[in-house]
Amino acid sequence: MKIKWKNIYEWFDSRVQLDDLVHFMGKKYVPIHRHSVWYYFGGVSLFLFIIQVVTGILLLLYYKGGEGLAFESIHFIMSKVAFGWLIRSIHSWTANLFILAAMIHMFSVFFEKSYRKPREITWLTGMLMFFLAMAFGFSGYLLPWNELAFFATKVGTDIVGVLPVIGKPMMLLLRGGEGVTGATLSRFFGFHIAVFPGIFTLLLGIHLILVQRQGMSEPLDVENNSVKEIKTMPFFPNFILRDLLLWLIVLNIIAILAVFFPWELGKKADAFASAPAGIKPEWYFLFMFQTLKFVPSKIFHIDGEVLGIMLFGMAGITWLLVPFWDRKSKLGEKSRLINIIGLFVIIYIIIFTIIGWIT
Amino acid sequence: MKYYYLAICVCILGFIYPDKGMTAPPVNQCLNCHLENGFKEAVLFKKDIHYQVGLTCAGCHGGNPNTDDMDKAMSKSAGFIGKPKGDVITKICSSCHSSPEFMKKYDSKLPTNQASLLKTSVHGRLSISGKEKLVQCSTCHNAHGIVPPSDLNSPVNPRNVINTCGSCHSNANFMKVYKPSIPIDQVEKYRTSIHGILHAKGDLKVAVCFSCHGSHGILSPSDVRSMVYKTNLPSTCAHCHSNSSYMKNYKIPTDQFKNYSMSVHGNALLVKHDLSAPACNDCHGNHGATPPGVESISQVCGTCHALNAELFSTSPHKKAFDSLNYPECETCHSNHLIITATDKLIGVDNKAVCSRCHSQTNNPKGYIAAKTMKMLIDSLENYEKNDNKLINEAEQKGMEVGDAKYKLRDVQQSRLEARTAVHAFNLKKFEVVVNKGLAVASDIHSEAMNAINDYFFRRYGLGIATLIITILAISLYRFIRRIERKNKNNV
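Each protein sequence line maps, in turn, to chains A and B.
Start counting the first sequence at 1; every next residue gets the next number (our numbering).
Start counting the second sequence at 1; every next residue gets the next number (our numbering).
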């Protein structure tokens with residue numbers, strides 16, 4: 001058996017020089033310290049993305065985009081296609097867990113200041129992928145063409161529409177017209193399965209290459225501690241196997257969620273029906289949605305909603321550009337301000353999400 | 001001297017208690033001249049109620065009735081208006097008839113709201129000229145020679161009112177100007193009705209136009225306030241037909257309204273305000289109101305229950321009922337007290353109507369058919385209940401059973417069809433309908449059971465998957481530990 005595997009390996013090695021890759025991975029080490037656990041969330045996010053791609057392709061075999069077909073095709077997938085219910089539930093649950101894992105990964109990188117030189121581009125690609133993940137969520141939410149999705153998309157695109165100058169054209173671009181119609185569904189479907197995956201794959205490739213090239217970032221206190229020698233573990237096979245172990249656990253969690261809490265389809269969207277009471281966006285947009293609800297209608301003669309959206313936009317850009325304005329971390333110094341900002345953001349998101357959820 | 005005192009007393013008493021008969025009659029010089037000249041109106045006015053109570057021509061025409069000088073009598077300065085036209089007629093009439101104080105002077109018991117009722121009635125709309133109202137008081141009551149409605153000569157007396165109303169309503173040329181869609185055969189139909197037949201025989205207690213439509217305040221039948229609006233009609237009919245003393249001489253029951261109110265039709269119309277439910281006129285006709293004949297009941301009921309009537313007409317019961325003089329639908333369903341038809345009506349137990357004629361001994365064929373039909377329809381009902389229960393169970397388990405739930409409607413439809421198919425009184429035809437429902441019910445049963453089984457399959461599958469993943473994870477963990485131990489030893 002061993003000889004057989006060896007033969008196969010050699011067959012490939014003689015063609016694509018596998019030895020070089022194995023050698024590279026064998027030389028790569030992952031630092032071991034008290035914050036090492038956070039390294040795994042990057043891998044978990046990757047694993048969840050892979051599940052999304054696989055289940056998304058399977059759904060695509062039966063899904064039909066279009067106002068009169070979308071809901072019916074999802075209903076068909078859930079009721080007639082063998083294991084269709086499982087695939088759809090896994091896709092929906094994984095979408096949410098993917099954003100959660102990516103969020104944890106992002107905050108861990110933020111608090112470890114791993115974005116500092118030379119990993120600015122890694123941070124930027126990661127952040128862009130996070131924004132894309134949210135866009136994936138927003139566009140995918142409409143695809144079943146159910147009542148909740150219809151009105152959530154209407155509210156969401158309405159918010160985009162209030163932005164000065166670019167708001168209205170953006171809203172028209174997203175909706176493919178004045179209202180949320182079959183044209184919106186077609187666009188969102190196109191974004192969800194072609195535009196976003198294309199960009200995401202490109203960013204993911206750059207991100208992974210950079211991670212491999214630059215290795216895992218070490219926290220500042222570990223890096224600055226020249227007295228102690230840093231413990232490491234080989235990336236291959238030790239770290240990869242540990243990743244794999246965690247992926248198995250995550251897979252089991254997803255399976256449990258899909259079986260015990262299958263994702264509901266709800267009622268078919270009806271543009272003439274009144275919006276269901278207490279309509280809310282997905283949990284990862286909830287803190288922004290709730291904030292906009294609290295903002296007064298006018299602040300210093302400026303429309304409160306516009307101001308709120310612009311503030312969130314500015315906060316997002318500031319967060320995105322943190323490697324360039326956090327000078328202390330760049331110099332290898334501890335930065336309490338960054339920690340305070342990070343904590344504030346986490347507490348803000350948690351509190352406003354809870355308020356949004358219970359009200 | 002004695003006579004002198006007596007004369008004074010009489011004068012005082014006469015002054016204190018003036019007698020109407022003692023007052024001098026009003027001078028009506030107009031009438032004198034017009035009578036002399038043989039005017040028809042003047043002759044008629046001599047019989048007029050207004051003349052009887054002492055009113056003069058000037059009451060309506062103005063002028064000075066005290067002088068025989070034509071120029072003075074008919075001068076504009078004396079208020080002479082000549083022949084009143086258009087709305088002026090109603091205005092003149094209502095100037096007295098709408099004044100309770102004025103009418104009180106004549107001990108009148110007449111209401112004083114006729115003019116206001118007329119104004120808001122269908123007759124109060126504008127005529128085609130657009131200058132006057134469609135109907136004036138004189139249109140129905142005449143102008144000269146007006147007598148009380150109780151007078152047999154009055155055009156609005158029950159004896160004459162049919163023709164009075166018919167003079168316009170039976171005139172196609174007149175009616176098409178105002179409402180082309182309205183029928184003009186009301187009088188003709190009325191003559192064929194029980195009311196009309198008795199009326200022609202001189203019975204003036206029977207319903208005439210105003211009995212159902214009212215008089216001055218007549219509204220369109222589509223107006224919810226109308227006496228003949230669908231939901232008001234049963235009460236309108238009941239006004240006479242539930243009055244046992246009024247109906248005494250006609251020797252017909254007076255409990256129709258009471259029974260109808262408790263019936264499925266009455267409940268639908270009077271309680272649920274379902275305007276598709278029949279009122280009295282839907283079965284008896286309105287202007288041609290008459291009880292349906294024994295052989296035509298199924299035709300009457302069939303105007304709504306078309307399929308049932310058609311099946312019954314071709315069934316063996318049609319011939320049997322007609323020969324036995326049984327009133328078709330009424331035999332099983334009653335007439336005014338028609339209760340909601342349930343499956344209990346079929347079968348051979350005490351509550352079933354079939355058992356009234358069919359028994360094991362005197363008509364075994366019908367008895368067996370009734371018994372089998374009951375068994376079949378009960379089976380369908382039980383299947384439906386069971387399927388419903390299974391679907392609910394599957395739904396509570398979070399399973400998708402939308403299709404099965406939708407199909408359940410087909411079973412309900414089959415049950416409804418079966419209830420209709422009963423009216424063919426043909427077991428084979430009935431079985432076809434029920435079997436169709438049973439086949440769908442069986443499909444639903446399988447789908448619901450599959451969904452429930454799938455629910456357990458998913459859980460068992462998850463259990464097995466979890467077991468495999470756990471074994472894999474433990475193996476992997478042990479493998480990692482082994483590698484790490486190996487690495488440590490090498491270091």
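Watch out, some of these pointers could steer you wrong.
[What the hints assert, rightly or not] Subject to a maximum C-alpha distance of 30 Å in a straight line, what follows is the list of computed BS3-like cross-link-like pairs (lysine-lysine):
id	chain 1	residue 1	chain 2	residue 2
1	A	K80	B	K47
2	B	K385	B	K397
3	B	K397	A	K64
4	A	K267	B	K397
5	A	K27	B	K486
6	B	K385	A	K268
7	B	K109	B	K47
If you are wondering where the hints come from, they were derived from the structure by calculation, not from laboratory data.
Model, not experiment: these values are computed from the prediction.
So, going through the hints one by one against the coordinates:
no.: 1; hint: K80/A to K47/B; verdict: violated (91 Å)
no.: 2; hint: K385/B to K397/B; verdict: holds (19 Å)
no.: 3; hint: K397/B to K64/A; verdict: holds (28 Å)
no.: 4; hint: K267/A to K397/B; verdict: holds (18 Å)
no.: 5; hint: K27/A to K486/B; verdict: holds (17 Å)
no.: 6; hint: K385/B to K268/A; verdict: holds (28 Å)
no.: 7; hint: K109/B to K47/B; verdict: holds (20 Å)
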